[in-house]
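Chemist: Protein chains in written order, with this note's numbering: chain A, 1327 to 1612; chain B, 2 to 134.
There's no promise every hint is true.
[Stated by the list, open to error] Chain B stretches covered by chain A per the calculated footprint, using a threshold of three residues with CB under 8 Å from any CB of chain A:
id	segment
1	43–49
2	78–84
[Claimed, not checked] Non-contacting residues of chain B with respect to chain A, defined by C-beta distances greater than 10 Å in every case (computed):
id	residue
3	L5
4	M23
5	S25
6	E29
7	N30
8	R52
9	K60
10	T87
11	R95
12	K96
13	R100
14	R103
15	R104
16	T107
17	R122
18	E132
Hints were generated in silico from the structure; no laboratory data involved. Glycine included, every Cβ here is placed at the ideal spot set by N, Cα and C.
Chain residues, written in single-letter form:
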Amino acid sequence: MASLRDIQTRINSTKKTKQITNAMQMVSASKMNKAEQNARSFVPYSEKIQEVVASIANGGDVANHPMLQAREVKKTAYFVITSDRGLAGAYNSSILRTVYRDIQARHQSKDEYIVIAVGRVGRDFFAKRDMPIAREITGLADQPNFADIKDLTSETVQMYIDEEIDELNIYYNHYVSAISQEVSTTKLLPLTNIGTEGKQLSSYEYEPNQEEILEVLLPQYAESVLYGALLDGKASEHAARMTAMQSATDNANDLIDDLSLSYNRARQAAITQEITEIVGGAAAQE
Amino acid sequence: MKTLMVSVVTPDGPVMEDAFEMVSLKAENGELGILHGHIPLVAPLSIGAVRLKGQDDTKKLAVNGGFVEVRPDKVTILAQSAEKPTEIDVERARKAKERAERRLQTKQDDIDFRRAENALRRAINRLDVVENR
Chain A
1327 MASLRDIQTR INSTKKTKQI TNAMQMVSAS KMNKAEQNAR SFVPYSEKIQ EVVASIANGG
1387 DVANHPMLQA REVKKTAYFV ITSDRGLAGA YNSSILRTVY RDIQARHQSK DEYIVIAVGR
1447 VGRDFFAKRD MPIAREITGL ADQPNFADIK DLTSETVQMY IDEEIDELNI YYNHYVSAIS
1507 QEVSTTKLLP LTNIGTEGKQ LSSYEYEPNQ EEILEVLLPQ YAESVLYGAL LDGKASEHAA
1567 RMTAMQSATD NANDLIDDLS LSYNRARQAA ITQEITEIVG GAAAQE
Chain B
2 MKTLMVSVVT PDGPVMEDAF EMVSLKAENG ELGILHGHIP LVAPLSIGAV RLKGQDDTKK
62 LAVNGGFVEV RPDKVTILAQ SAEKPTEIDV ERARKAKERA ERRLQTKQDD IDFRRAENAL
122 RRAINRLDVV ENR
């Protein structure tokens, strides 16, 4: 049995860990609220741009825009959103597992795909496995605004326009609720499925004409989807971290309870032993 | 005078939603003035100021990119960014302007040139909105 002092040391260190996880949980909770709000305030923009893009794309003979058409896939890009720091439960591992499995299943050689890694954890994962990383972004703010990530999204979309890549897949954690996030995989480019969901707004005048509006609008639409995924991913990250820290705090509490029990038991045993020794000593004197 | 509802939406959330008498903005191929009862229209916007004329005052916004959707009684402006004069950091805009001007003078390859040019236009637009509010 461990000595009293050993147990006391363990109790103290567990208490300190608990303080940290508890603080992290509260920080993540407030960041999650903010991130959820950000994600929500983005919805009106994305809905509107989706509606207009869909209605133009539906409107007849403009569907030959390169971003709307599937071409032969020579190179696939994977846009993977992870976090910079760990301690977020299964947040990163579930995404990376899915991406890794998909890449292994779809591609034979490293020339067939590239990875665009957001977040340090993802970057390190792909670098360690020697996979081609086209672009990497670490140190993204907790509450990113559109200006921060504008460069990243427009460069990504530009890669598709320049035919460096022929397909763009996004992998991120979709925020379902504070306790549940699920891995979401979306094929963003080419935009082959956009036309089916919008309703017709044929009564619109287009200034100057539909083709030129699409020219401006489609890249912006693709960028906005990437931005939405980033916001969603951030909200999930904070939620995952909050849940992970919550269970870490709970575990610390359990551990402290157990340790206190064995501490008291050891203390009692020590006292009993002392009494026995005194009684034994006194009996020997008589 | 009849008014129309104007809502300005950016990826960072709605910026403004109010009724105005007239909206004038800069589309890719020229200025547009929109009054109540305009035919439905979609047009891409360029970097420029949006002027919103109300009953007794005119509001200005510095808008960057995006497009405008017009219906007879409603105007929706979707921009990548839209700032009120009070939100604009004059010092930052001025610095951005100087930086872009410097870059334009030391001509490099094509992409850098276009980026610098856009940055310069955004900075000038911001300063313009602040100074003539």
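Chemist: State for each hint whether it applies.
Modeler: Hints and how they fare:
{"no.": "1", "hint": "43–49", "result": "holds (count 3)"}
{"no.": "2", "hint": "78–84", "result": "holds (count 3)"}
{"no.": "3", "hint": "L5", "result": "holds (16 Å)"}
{"no.": "4", "hint": "M23", "result": "holds (18 Å)"}
{"no.": "5", "hint": "S25", "result": "holds (14 Å)"}
{"no.": "6", "hint": "E29", "result": "violated (7 Å)"}
{"no.": "7", "hint": "N30", "result": "violated (5 Å)"}
{"no.": "8", "hint": "R52", "result": "holds (18 Å)"}
{"no.": "9", "hint": "K60", "result": "holds (20 Å)"}
{"no.": "10", "hint": "T87", "result": "holds (18 Å)"}
{"no.": "11", "hint": "R95", "result": "holds (17 Å)"}
{"no.": "12", "hint": "K96", "result": "holds (15 Å)"}
{"no.": "13", "hint": "R100", "result": "holds (15 Å)"}
{"no.": "14", "hint": "R103", "result": "holds (20 Å)"}
{"no.": "15", "hint": "R104", "result": "holds (16 Å)"}
{"no.": "16", "hint": "T107", "result": "holds (21 Å)"}
{"no.": "17", "hint": "R122", "result": "holds (15 Å)"}
{"no.": "18", "hint": "E132", "result": "holds (22 Å)"}
Consistency note: the structure conflicts with the earlier hints numbered 6 and 7.
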